[in-house]
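Participant: Dock chain Y against the given chain X, drawing on the hints supplied.
The chain contents come next:
There are 2 protein chains.
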Amino acid sequence: MDSRLATAARVAGIAPFHVMEVQTAARALEAAGRSVVHMEIGEPDFPTPPAVLEAARAALAGGGIYYTSALGLPELRRAIARHYGERYGADVDPERVIVTAGSSAALLLVMALLVDRDDEILLADPGYPCNRHFVRVLEGAPVGIPVGPERGYQLSADLVDARWSARTRGVLIASPSNPTGTMVAPGAMRDIARAVAARGGQLVVDEIYLGLAYEGEPRSVLSFADDAFVVSSFSKYFNMTGWRLGWIVAPRRHVRDLEKLAQNLYISPATVSQRAALACFRPDTLALLEERRRAFRERRDFLVPALRELGFGVPVMPGGGFFVYADCSRFSRDSLAFCRDVLERTGVAITPGVDFGEHRAAEHVRFSYTIALDKLREGVARLRGALVPA
Amino acid sequence: MDSRLATAARVAGIAPFHVMEVQTAARALEAAGRSVVHMEIGEPDFPTPPAVLEAARAALAGGGIYYTSALGLPELRRAIARHYGERYGADVDPERVIVTAGSSAALLLVMALLVDRDDEILLADPGYPCNRHFVRVLEGAPVGIPVGPERGYQLSADLVDARWSARTRGVLIASPSNPTGTMVAPGAMRDIARAVAARGGQLVVDEIYLGLAYEGEPRSVLSFADDAFVVSSFSKYFNMTGWRLGWIVAPRRHVRDLEKLAQNLYISPATVSQRAALACFRPDTLALLEERRRAFRERRDFLVPALRELGFGVPVMPGGGFFVYADCSRFSRDSLAFCRDVLERTGVAITPGVDFGEHRAAEHVRFSYTIALDKLREGVARLRGALVPA
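Protein chains in written order, with my numbering: chain X, 1 to 390; chain Y, 1 to 390.
So here's chain X without its partners, still in its complex pose:
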C-alpha cells in the first residue's frame, strides 16, 4: 500500500456515525421536495436564551476578545461551582472547575490525564460512541459492558467488580445516558464510586444531561463523591450547542495537571462563549430553562407511550435527556436497514442502534424528542401507517 494513504491504527478503530448517512439521505429527500420529521437530531431545538445572547452582545461591545486562562474565566468557574450548590446541593470549590471547549474537550482532557496505553475504561454498551472513542484516540482500551433494560441500561458496582482487570483504570458512567435516557440512582452511584475506589481506580461521570432530569430531584455524583471527575456541558440544558462550552469538575489533586494539558491542547475556551455563559445562571434564564425542561418532559410523556403502542419496546422509562432507545425487533433485526427503510417510506429520520455499541444494537433505534410536540405527533402518525411486523 502507498504509505501516504496510511493512517494511524486508531482511525480504523473509530466507527463513523451511521446517523450521518441517515441525515444525508434525509437532506436528499428534503431537496427532492419531501417533508422529513427529524427525530435523529441530538441537539435541543430551543434557541440560546435571550439573556445569553445579550451577554454575548455585551462581550462584543467590550471588544477585548483575547485568550482567557486555560482554566476559564474565574467568574464563570465560580458561577458553575455555585450552581452545584444551588441546584444539586453539592459543595464544589471553584478551584476544581475547569471550563472547556464543550464536553468534548472535557472528555479528551480527562482521558489524556488518566489513560495510558491499553488501559481499560469500562463503559455501558449501549452508550454514546464518542465516549469510547476518546479512550481509543488516547490509545486506551474502551471496554463496553453489555447492559439491558433489566439493569436500566447502566453499569453497577457488581458489573464493575466482575469486569475489573489488572489493566482497568476507571469507569465512565453517563447519567442520564445517551441513547437510553436512563439514570443511575444515587445509592447505586455511591456503590459504584466505592467499588472503583476500592480498586484504586477513577470514576468519571458524564452529567451532560443531568439538568434535563424529569423525576424527583436529580443528584450530582459530586454531592457524595468528591473523588469523581464530572464532565458537563452548556449544550443541552442551557441550549448553547453551537457555543462549544462545557466543563470538568476534577478532584483537586488533578487540577494542575489538567491545566497543563488544557494549556497545551486548547490554550483556552472561546472567550465570547464564556462571557455569554455567565448569563445562564440568572434567575430569568433558569426560569426559561425550567419551562423548556417541562416541555421536554411533556414530549417524552407523549412519545414513549406512543412508541410502545406502535410496537416498539421501551421497557424502561427514560428519566432524563431527550432520547428514547427503542427495541425495534418486532419490525426488524437490522436497525440500519430499518432506519433507511423508515426514512424512505415515511420521511421519519431516526438513528440506528449500531451507532451506540454492539449489544443488541441491530435491534434498537434511537428517537430524539428535540422537535415540537406537533411534529412528534406527525412522526408517530406517519409510522403508524407504515410499520409492518417482521
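These are computed hints drawn from the structure, not numbers from a lab. Bear in mind that the values here come from a model prediction, so they are computed numbers and not experimental data. Be careful, since some hints might not be right.
Just so you know, same-sequence chains aren't split out, so a pair can sit in one copy or run between any two.
[As the list claims (entries may be wrong)] For lysine to aspartate or glutamate, the following EDC-like pairs were computed, each having C-alpha atoms within a straight-line distance of at most 20 Å: (1) Lys375 <-> Asp45; (2) Lys260 <-> Asp158; (3) Lys375 <-> Glu30.
Facilitator: Same frame as chain X, now just chain Y:
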C-alpha cells in the same frame, strides 16, 4: 503510591510552560504597584477587526447558534480556499479545508490521523512546545532536531534525510517559526517536501504566522506541494485569538478520516466565531490587517537592532511573526533565572528559552513585540540600564 494520584505517563512527558511562572511573578509585581513591560505575551495586542465584531453581532441577531458541520461552514471553507488563491497564488479546493477550534484542534486532528504509538515526528529545536506535545499526547515520539542560526533555526532536506528512521512518520515545519520568526524559503521547503515524499512520509506545515511575513511575497507550501498538511489560524494575522478558530488544508484523500475524527473529538467549531470569521476576508478588513502587519514590521525593525546593541545575539533577522529569539549568553547561561532576575530588577517580562526545547535553550530568551512601539522603547531603555555582562 496512592493509585488515585497516578496519571498517564504522557502527563510527565509534557513540560509546563515556564513563561507562566514569569507571568505570575509579573502580575504579583503589578499588584504591588510596579509597572511591567510585557514582552512575554504570545498574542497580538490589536483587537479583533470591527467588521469581524459586526459579523458576530449579526450572527447573534440571527439567533440560530447551533452546531455546524464538523468540517465547518461551507461558505467559510470556500472563503479560506479563495484566500489562498488571492494571497498566496495557491489553488486550494474548498473540499480540502477543514475549519477547526483553533490551530490547536488542527494539530491534534492531524497528529491523531497520522501518528501511531512510537511513530516519530521530526521537528526543529527550538520550536513551539505544543507542537511536540500534540505528538506526545497521541503516544508518538517527537524528535527535536537541534538547529542554530547557521540553519536559520529551521530543518532542511539533508537534516530530514539524516534523521529519518524506520519509525519516522513525518516532519512538522513551522514557517515562520515561534520562537525564532525565521522562515523556510520556498526552494528549501520544496526540497523538504521531496525528501519526505521519497520516504513515504507526511509533511505538516504550521503556517500560523504566514500572514505576518515581512520580506517579499510569502509562499504557502500549498503553492507547490499538494500533498502537505497545512495547519493555520485566525488568531495571529486576523487578530482573533479568543475566538478559537483555525483550519487544516489536507490532502484530499485524508479529508473523510479527518472529518470522522473531528465529529468525534470536537463535534464542530464555535458557530459565532465561524460566522464572524467570514468578515476577515472583506477588503476593508484585509486593508486594516495589512496596516497592522506594517506596524508589526516597524516594531521588529526597532527591536532587533536595539537588542543587538544591548548585547543580545540575534544572528538571523526574523522574517515573520512577532517574536525575537535572542542569545542571552553574554548575560547568563541560565535563561530561566535570567528572566526572573530581569523581571525583578527592571519590570520587563520575557520568556525563557527553556520553553522551546533543549538546544542551547538556557542561553536564549524570547522577546515578543506584541506591544506598541513606545512600550518596546520603554522596555529596551529599562534593560539598557540594568544588564550586566556575566
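Participant: Next, verify each hint and record whether it holds.
Facilitator: The hints, checked one at a time:
1. Proximity of Lys375 and Asp45 under a CA criterion of 20 Å is satisfied intra-copy only: 12 Å inside one chain copy versus 50 Å between copies.
2. In this assembly of identical chains, the alpha carbons of Lys260 and Asp158 never lie at most 20 Å apart, being 35 Å within a copy and 35 Å across copies at closest.
3. Taking the closest pair of Cα atoms, Lys375 and Glu30 come within 20 Å of each other only inside a single copy of the chain (16 Å); across copies the shortest separation is 59 Å, beyond that limit.
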